[in-house]
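Q: Work the whole structure out from these sequences, hints included.
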Amino acid sequence: MRIIFKKSYDADIGLFKHGFHAFWYMLLLVIAIALPYLVGEFLLGEFTSMLIWAVAGMGLMLLVGHTGQASLGHAAFLAVGAYTNVLFMENWGLPFLLSMPLAGLCAAFAGMLIAIPTTKLHGIYLAIATMAIGILSESIIVILEPWTGGVSGIFAPDIELFGISFNRYANITGMYWLYLAITVLILIGYRNILRSPLGRSFAAVRDSEISAQAMGVNIARTRTLAFAISCGITGVAGAMMGHFSGVFNNETFNIVISITLLLMIVVGGIGFIQGAFMGAIVIVFLPQAISFVRDIINGMTGGSSMTIPGLESGVFGAILVAVILFEPNGLWGRWLKIRTYFELFPFYRRDMFRRQKSYLKTERMR
Amino acid sequence: MSLLELENVTLKFGGVTAVDDVSFAVEEGEVFALVGPNGAGKSTIFNLISRIYDPFAGDIRFQGQSLLDRQPYEIAGLGIARTFQNIELFEQASVLQNLLVGRHKHRKSNPVGEMFFTPFVRREEKRHRKAVEEVIDFLDLQPYREKFIAGLPYGVRKVVEMGRALAIEPKLLLLDEPASGLSVEETQDVAFWIEDIKKLMGITVLMVEHDMSLVSAVSDRVMALADGRMLAIGTPEEVQRDPKVIEAYIGSDDAEDAA
Amino acid sequence: MDALQLLVSGLANGCVYGLIAMGFVLIYKATEAVNFAQGDMMMLGAFVALGLTNEHYAHLPFVVAVPLTILIMAAVGYLMDAVLLRRTFGQSQIAVVILTIAIGFVFRFVAGVIWGHEPQSLESPLAGRDIRFGGVVLGLDEVFVIVVTIALTVGMYFFFARTKMGVAMQASSQNQMAAYYMGIPVKRVHSLVWALSGAVAAIAGILFASKGSIDPATGFLGIKAFAAAVIGGLGSLPGALLGGIIIGLVEPFSARYLGGDLARLMPYLILVLILVFRPHGILSQVQAKKV
Chain P
0 MRIIFKKSYD
10 ADIGLFKHGF
20 HAFWYMLLLV
30 IAIALPYLVG
40 EFLLGEFTSM
50 LIWAVAGMGL
60 MLLVGHTGQA
70 SLGHAAFLAV
80 GAYTNVLFME
90 NWGLPFLLSM
100 PLAGLCAAFA
110 GMLIAIPTTK
120 LHGIYLAIAT
130 MAIGILSESI
140 IVILEPWTGG
150 VSGIFAPDIE
160 LFGISFNRYA
170 NITGMYWLYL
180 AITVLILIGY
190 RNILRSPLGR
200 SFAAVRDSEI
210 SAQAMGVNIA
220 RTRTLAFAIS
230 CGITGVAGAM
240 MGHFSGVFNN
250 ETFNIVISIT
260 LLLMIVVGGI
270 GFIQGAFMGA
280 IVIVFLPQAI
290 SFVRDIINGM
300 TGGSSMTIPG
310 LESGVFGAIL
320 VAVILFEPNG
330 LWGRWLKIRT
340 YFELFPFYRR
350 DMFRRQKSYL
360 KTERMR
Chain A
0 MSLLELENVT
10 LKFGGVTAVD
20 DVSFAVEEGE
30 VFALVGPNGA
40 GKSTIFNLIS
50 RIYDPFAGDI
60 RFQGQSLLDR
70 QPYEIAGLGI
80 ARTFQNIELF
90 EQASVLQNLL
100 VGRHKHRKSN
110 PVGEMFFTPF
120 VRREEKRHRK
130 AVEEVIDFLD
140 LQPYREKFIA
150 GLPYGVRKVV
160 EMGRALAIEP
170 KLLLLDEPAS
180 GLSVEETQDV
190 AFWIEDIKKL
200 MGITVLMVEH
210 DMSLVSAVSD
220 RVMALADGRM
230 LAIGTPEEVQ
240 RDPKVIEAYI
250 GSDDAEDAA
Chain F
0 MDALQLLVSG
10 LANGCVYGLI
20 AMGFVLIYKA
30 TEAVNFAQGD
40 MMMLGAFVAL
50 GLTNEHYAHL
60 PFVVAVPLTI
70 LIMAAVGYLM
80 DAVLLRRTFG
90 QSQIAVVILT
100 IAIGFVFRFV
110 AGVIWGHEPQ
120 SLESPLAGRD
130 IRFGGVVLGL
140 DEVFVIVVTI
150 ALTVGMYFFF
160 ARTKMGVAMQ
170 ASSQNQMAAY
180 YMGIPVKRVH
190 SLVWALSGAV
200 AAIAGILFAS
210 KGSIDPATGF
220 LGIKAFAAAV
230 IGGLGSLPGA
240 LLGGIIIGLV
250 EPFSARYLGG
260 DLARLMPYLI
270 LVLILVFRPH
280 GILSQVQAKK
290 V
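Residue numbers (numbering that gives the first Met the number 0), protein chains in the order written: chain P, 0 to 365; chain A, 0 to 258; chain F, 0 to 290.
None of these hints come from the bench; they were simulated from the model.
It is possible that part of the hints are untrue.
Claimed, not checked - Computed cross-link-like contacts, PhoX-like style, restricted to lysine-lysine with a CA-CA straight-line distance of at most 25 angstroms:
#1 104(A) <-> 170(A)
#2 197(A) <-> 6(P)
#3 336(P) <-> 146(A)
#4 16(P) <-> 170(A)
#5 5(P) <-> 197(A)
#6 186(F) <-> 163(F)
#7 119(P) <-> 170(A)
#8 125(A) <-> 5(P)
#9 11(A) <-> 104(A)
#10 119(P) <-> 198(A)
#11 125(A) <-> 16(P)
#12 16(P) <-> 6(P)
#13 146(A) <-> 170(A)
#14 170(A) <-> 107(A)
A: As structure tokens, this is what we get:
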């Protein structure tokens, strides 16, 4: 562990903990910007998809990891973002730079509408309520056919910016850079929230409502705000997803997506922004990894390429079981342990990361 | 006008009367202690002042204004801070962050500005941090500044809770058993701190405590309770000599043991 | 007469939901864990029964296959707790939820590998037979479902009220620590509750498969059953059955009078309304936390 000498309050407030962090994250950003020159078009598409999942994951992480409110229905807000974005572009002719933030605001508003009647619900009950809303939204999309195109879905137009057209197939590089910029902006906003009073009031609500209240935190308002911001970010991810997939319908945002989103941030590491990114990497690249391993096995046994339907979700489920049992802090938590182990070598102790384990405590006694 | 007044406050849980027609007033600048056997209703009185419970009858006034039409989260804003008997800290946050939450009522920035972390938000943050650093210095919490609560020993947590309440910069501080579970040395520290809180910071203290040595060392006035009813009120010596108090303690041996 | 048939088929569906919901409630009451894999356990139970009975699998007589299935699923339930869930002790409730969702993923995968993803139906002796009285034709399978559910509910009542094991389960659900001090092996009791829940899931699966086709995605029915459990009150066994029947009845009647799209909404609309206005369900007991 590095010893950091703080000379001013700014050192505490800064975006990065110290210069080395800043250096590594800048290096990562440079690599991310240079990525189109390093990988092929197919992989670049996968990375773009990863960015979308990471943004959606950040939205959910803010709610689950940092405010302690479970949601099993976040696909509903992806849907709000995706549909309103396309509707603004098609019906009002708004440019993407306006329609996307507006779509985010719409999703945020939807989130607020959900949060207000459910402020009294906790933990598992909240998870069920949001799940019900996720399922309801699927049917609502079908019912609102005149706007949403129902089961047959709608097409997302190409993004036009400064005379350049962004499309997954014609200009994946441009789309990747655009989405990278959006991701970085949201990431900075997220960090800003965490280092300001708002983020602390979220953490207060997560860890002890009773004393948050005694500190003057208005629980209902804070939870509503957390829902709004979380759903807003998720809505932006939805708008990005709509353009990326080109066409979407009610099935694109079904309950399985909601569940996957929650599982994703758990695998990545609940309570860490980095966890959203780790989870997105797993979600997007797991199918690649599986087919890669399968090719190797087939190469060794000389067998024909055999596909097992449902293998991906089976493997994903098994990974999740392992994560919950052996590393409740997810992949990012594991990485922190490994890093500390090497930094302190040979003085690492097993109990260095021991913490009380719960984000959501027992529900019976509320 | 007294700082805090309770007037004929009664609270019932089902058939049990937890607080029965209790009246007292805490004057500005004093340390006022509530004592009594377990189940006497001391913590319940705290929870009534924090507006966690609604009284069945009676009134609670702070600086002459009734607290009964206030929401629980407005109490801190009025200048009343409290600690909890069974430590209610924010477990997954550092000591510093816990204390900073105490600054919540002094927050002037709005969520949108915070998202962009405007220069104003930065200036505000520095102001909060300066205030919190003073509390950290006062309570000798420097070694634990960046540590997560979940890994801290019990004694330190008690101090952090007190620090978080002080970060509010309250007019009235409610301490719920500040010395329970602490060693003799730690209890002495608490006694010095309470003295300083009263004399240097000018904060009025209302506390619940079982440790009679601490109570007699720091409090100006004491009220004894049993079964939700007040028994006696006066200086620590007067209350300890009161026959009704002696009976409440000695008359039921197990209460004395538990205390 | 049409309405009567709707009523009976709705009741039969509702009973299956109710049985799955009872599985949830059993586990929730005893261990405070919420088992999102309950629907998948039901699916697995149905497939095990199918694998044991159907002609091109094991082809055992139905009366042998049924108890065998129940035993196998009870073992699965027991092992789930003993091997996986017990290790999450002390972790948050949501971690357990996620663990059971993940286990559900694995179950679906296993069922898909063994039995394939094509819909299949159980060759039970009840399938396709009717009973008639007056002018009413009722499916024997549906009547059978209702009868079995009633019998099981009554049996469960006596189990919890009269047997030593049932009382131990109740005790450990109300206060684990006190039950432990009274000499009840709480951990084993928990595993046995999971076994019981697995057995109930197996019965629900057999009943469901005997009146329709199943595939690995059938487990998603668990979500509906879960809604039923919450509507009735997560801590209450009769509540689970009540919730199941409410959903079972609302579905066909709203489909008839409101149309398919709105009918799909109804169960979850009821769920949301219940959560907003009576968060702990119709039949609930709530305790408050002490500060």
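Q: Sort out which numbered hints this structure fails and list those numbers smallest first.
A: 2, 4, 5, 7, 9, 10, 13
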